[in-house]
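A.B. asks: So the chains spell out like this:
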Amino acid sequence: MSRSDFEAVIGLEVHAELRTKTKIFCSCPTDFGAEPNTQCCPICMGLPGSMPSLNRRVVELAAMAGLALHCTVSPISRTDRKQYFYPDLPKAYQISQGEVPLCRNGYLVLKTAEGERRIGISRIHIEEDAGKLMHENGKTLIDYNRSGVPLIEIVSEPHLRSGREAADYLRTLRAILVSCGVTDGKMQEGSLRCDVNVSVRPVGMKTFGVRTEIKNLNSFTFVEKAIEYEIARQIALIERGEGVRMETRRYDAVSGETVLMRRKEQAEDYRFIVEPDLPPILLTETEIEALRQCLPEFPDARAARLVREYGLAEKDARTLCQDVALGNYFEAAAKSCAYPRLVSNLLLSELLRHCDGAEFVSPVSADRLAALADLMGEGTVNSATVKKLLLRLCEGDFDPRLVVEQEDLGQIRDKAKLRTVALEVIAENPRAVADYRNGKNAALRSLQGRLMAKTGGRAEPILSEKIMKELLKEEV
Amino acid sequence: MRELIKRSLAEHRIALDAGDYSSLELTRLYLEEIERRDGDVGAYLTVTAETAIRDAQEADARRATGCVRGALDGIPYALKDNFCTDGVRTTCASNMLKNFVPPYDAAVVSRLKAAGAVLLGKLNMDEFAMGSTGETSALRRTRNPVNENCVPGGSSSGSAAAVAALEAAFTLGSDTGGSVRQPAAFCGVYGMKPTYGVISRYGMIALASSLDCVGVVTRSAEDCGTVLSCLSGKDARDATSVSHPFPKFSQYKKDGSRPLRVAVVRELMAEGVLSSDVRHALQLAEKRLEELGAEIGEVSLPSPEAALAAYDVICAVEAASNLARYDGIRYGYSEAAEELFELYAKNRSKGFGYEVKKRILFGTYLMGKDQRALYYDRAQQARAQIRERMLGIFKQYDLILSPTASTPAFSTGTTLSAAEQRRADLCVVYASLAGLPALSVPFGKNADGLPLAIQLIGAPFAEGLLLDMAKRLEEVTP
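Chains as they are written, first to last, in the numbering used here: chain Y, -5 to 470; chain Z, 18 to 495.
Treat the hints as calculated values from the structure; they're not laboratory data. Cβ coordinates follow ideal geometry from the N, Cα and C atoms, glycine included. There could be a bad hint or two in this list.
As a list, the in silico DSBU-like pairs of lysine-lysine whose alpha-carbon atoms are at most 35 Å apart [to be verified]:
1. Lys375/Z to Lys76/Y
2. Lys258/Y to Lys374/Z
3. Lys363/Z to Lys76/Y
Listed below are several chain Y residues computed to face chain Z (Cβ distance under 10 Å; list not exhaustive) [claimed, not checked]:
4. Cys20
5. Gly43
6. Ser44
Let the hints inform the model, and build the full structure from the sequences given.
C.D. replies: Here it is, written out as C-alpha cells:
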C-alpha cells in the first residue's frame, strides 16, 4: 500500500489569546514580554481565599469569534474546573468550559483546489492560560505573568485531510479572528497555538484509526510539516504491522520529526466540576445581536452584497472580495460611478494585470478608474481608448476626461465622417472587398480594422460596422 | 474597668462617643483579658497586639476630630484564621499554612478596616474548617470557656470561645455546614449564618465554595445585626455575592397585621432524637414564641437521608478541588524532593492532617469521571429539590424553629457515634444546602450549667426577622 491508499483524518484544537487589556478573572495586564511575575495578583496566582470574577470582554470576544465562525452562541453557558496537578497551574485546576461551551456547531469555509469545503467547528470555549515553566541550570522557574490570560479554544471536527489543508484552515481561521479583533494572532508570541490530532485509515474505511496528538505547534509551516511527517510515520507503522499507539507527541523543527512526549493509555480524567465561584454566563439575544453588528463583513457576505448592490456577476464579486483591499478599492470606485459593472471589468481584466505583490495596491486612484468607466459607459470613448488611457494612468496621473477632450480621443459617431472613411477603406482594399462579397465574412473584420486604424481607434465600433456593411452591399 | 468588656457594641459606641473610655483603653482591656484567660481557653492562634494598639489610637484620633466612621469604629474584634489578613499569618489551623502570610486582605477585613474596627488577632479552628469540635486543629486546642472540660464546638471554635470568654467584642467565623452556629450554641453566644452571598467570601479560604458563608458571632442579637449591616452587600470580587435591600433590624412588629407563623420540625421533636435538655429548651422556646403571639405549626424536613448525603458529597468534592492548590511550591509546607510527584506527595501528606486528607480522598474519588454522575451530579439535583421544598415551607411559615445541635457541648475527646453525628448534622445542613439565613440563639442552661440553644431559620434575606425574634426571645430567656 502507498500514501494514496490511506486517508488522513485531522482535527485541530486552536488556542487563541484574546485581545483584552486585562486577564480573564482579575485586573492584571496581559502585556507580552514583561519581567517574570510582575503581572500577577492573588487571583491569578491562585492564592488561598482569592476568587475569580469574569472579565465580560472575554465573553464578548469569544462570542464574536463564534458568530464569525457561524456557531450557535449559548444564551446560558457555564464555567467548569478542569483539574490536574502541574506547577504552572497555581490552583491545580484550570477554569475552562466543559459540557456547556459558549459556542457550538459552527464551520469555516476553506477554499481548496477541489473547490470550497466546509470544515466543521464543534465548539469554542473560554478558558484561562497557565503560567510558564522555564528550565535553567537544572532548576525550574515559574513565571505566572501568563497565568489567567484569556484564551479561546476552537475545536474543529476531524474534517481535514492533509497537512496543507490543516495549515490553510489555520491561516483562514487566523485571518477571520484577526479581522474581528478577537486576537492579535501573533504566533511567535504564542497568541495563536495549535494542537493537532492525526490518524490515518485505508481509503474508504468509515471508522477512525488510532490517533496521536501533536502539541503546541506555533507556525503554519510546522503544522503542515508535522502533520505530513506524522501521516507518513503512522502509515509506515501500519505497514510494518506495528499499529499506531495513542500518544502525545511534539514536533522537532530541527529534525522535522515528531517526537514522543507521553503515552496515553487511557483518556485523562480531568474530574470536571462546575465552577462554584462563578454564576452561569448569560448572553441575551439583544447582546448577541449587538455583537453580530460589531463583526466586520466577511468575504462571502460582501460578495453577495456586491452582487445585490452593484449588479456584478457572482464570480467577479467573489474575486473582488477575496482581498479586503481589492474589495475596498472596487467599492470606492463604484460608489462614484454610474457603471459599476464596467468598473469591475476594468479592474479585474485590465488593472489587476498591472498590479503585483502579495497585497493589492492600485497604481491608479479609484476616482480615475471611476472616470474611465463613466467615459466608456456614456459612450464618449470606446474600450480600446479606455485601455490605452488606463495604461497611461499606470504611468502617471491625469484627468482622463480632460485628456480625452484635449487630445480629441472621443469616439467618432458622425455618420458622414464614418462613411467617408469607410469609402476610403473600400477603395484602398479591393481584395478584401472582393473576398467579403464572395461570402468571406472574416474579410469584414479586416476592413473594420483598417477603418479603426484610420480613425486612430476612435470610430464607434457598432455604428461604423453597420455603415461599412451598407456600403459593401450598395457598391456591387 | 474589666467589666466594660461585657458591654454591647451599642454601649461601647455611646461610651466611646461620650469619651467615657477610649478605644485604646478598651483594646487594652480585651488584650489583657486574652493575656489572662487565653492560656486556658486557647481561642487565639495569633494576637496582633501591636497593630491593635496602633489602630485603636487612630480610632481615638478620628473621634477626637469628629470623624467617626460608624458603629464599629474603635471596636476590638477577632477573625477565624481562615480570613486572609495582609501581613498577618493566616493558617487555617493547618501545618500546611502554618507560615503563610497573605499579601492581601479578605473583603470583610477591608470592610472592617474601613469601618475602623480594631483587629485583636486570629482565632483557632478545625483544620481547614473540617470538624465540629475544634480538635482537628493542628496548632492548638481550644476549650469551651463555660466548662473547660468540654469542646467549644467547631469549626469556628476560637470565634465562639473568644466571644464567650470576653476576649473580643465580636468575631467572624465561617459556616459551611453549621460551623458558626454549632460552636455558638456550645459556647452560649449568638451565631449567624446569613443568606448565601449576603457577605463577600473573597479572601475567606474556601472549604466548599457553594456552601461557605461568612458568619458573625456576638453576645447579643442586636450586636449581630450591627456587624451584619457593616459587612453585607455585593462585592465585585465575589461573583456569587448578592445585593439585596437588607431588611432593617426590628422591621417585624409584634402587633403586625398578622401573627408570626413558626414551623417546628416534627422529626427533631421525636423521642430520642435530641438530648432531653435541648428538647426541653426547644419546647420552652416554642411556648415563649406562642406567648409573643406566634402561631406554631409542624413541618417535616424534606428527604433527610438525601440532604445528609448531598451535603457530605458536595462538601467533600468542593473541598478536594479547593484544597488541590496546596502543593508547597509557592507557599505553605514544603520539603525538598527529587521529582515532581514526590514533591506533591510529601508536601500534601505531611502538610495536611488526617481529617483533611480523608475528605480530600473522598472528594477526589467522588468527582472521578466514572463516579461524578452517580454521586456529585445526583447530590446537586437533590440539593436543588431540597432548596425548592424549603422555599415551599416559607410560603406558609415565616421561620422554622429548630435546635442548633442535638446536644449541649460534650466532653473533650468524645467520639460521636454515626447516629449521633447524623442527628447533629440534621439540625444545621438544611440552611446550608438551601442557602438560607439561620441564627443560633442561646436559650438557657442545662443542669450542668452548659449553654442550650435554639436555631431560627428564615427565608432568603430574612436576617432582620431572625434577629428581631432572637431579641424578643432574649428578653424572655430562662
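A.B. asks: Against each hint, give a clear statement of whether it holds in the structure.
C.D. replies: Consistency of the hints with the structure:
1. Lys375/Z to Lys76/Y: Answer holds: Lys375/Z to Lys76/Y is near 22 Å, not above 35 Å.
2. Lys258/Y to Lys374/Z: Holds, because 28 Å separates the two Cα atoms, which is no more than 35 Å.
3. Lys363/Z to Lys76/Y: Within the cut-off at roughly 23 Å; holds.
4. Cys20: OK, holds: Cys20/Y within 10 Å of chain Z, min 9 Å.
5. Gly43: Gly43/Y check passes; min Cβ-Cβ to chain Z is 4 Å, inside 10 Å.
6. Ser44: With a closest approach of 7 Å, the Ser44/Y hint holds.
Figure legend: structure checked against the earlier numbered hints; every hint is met.
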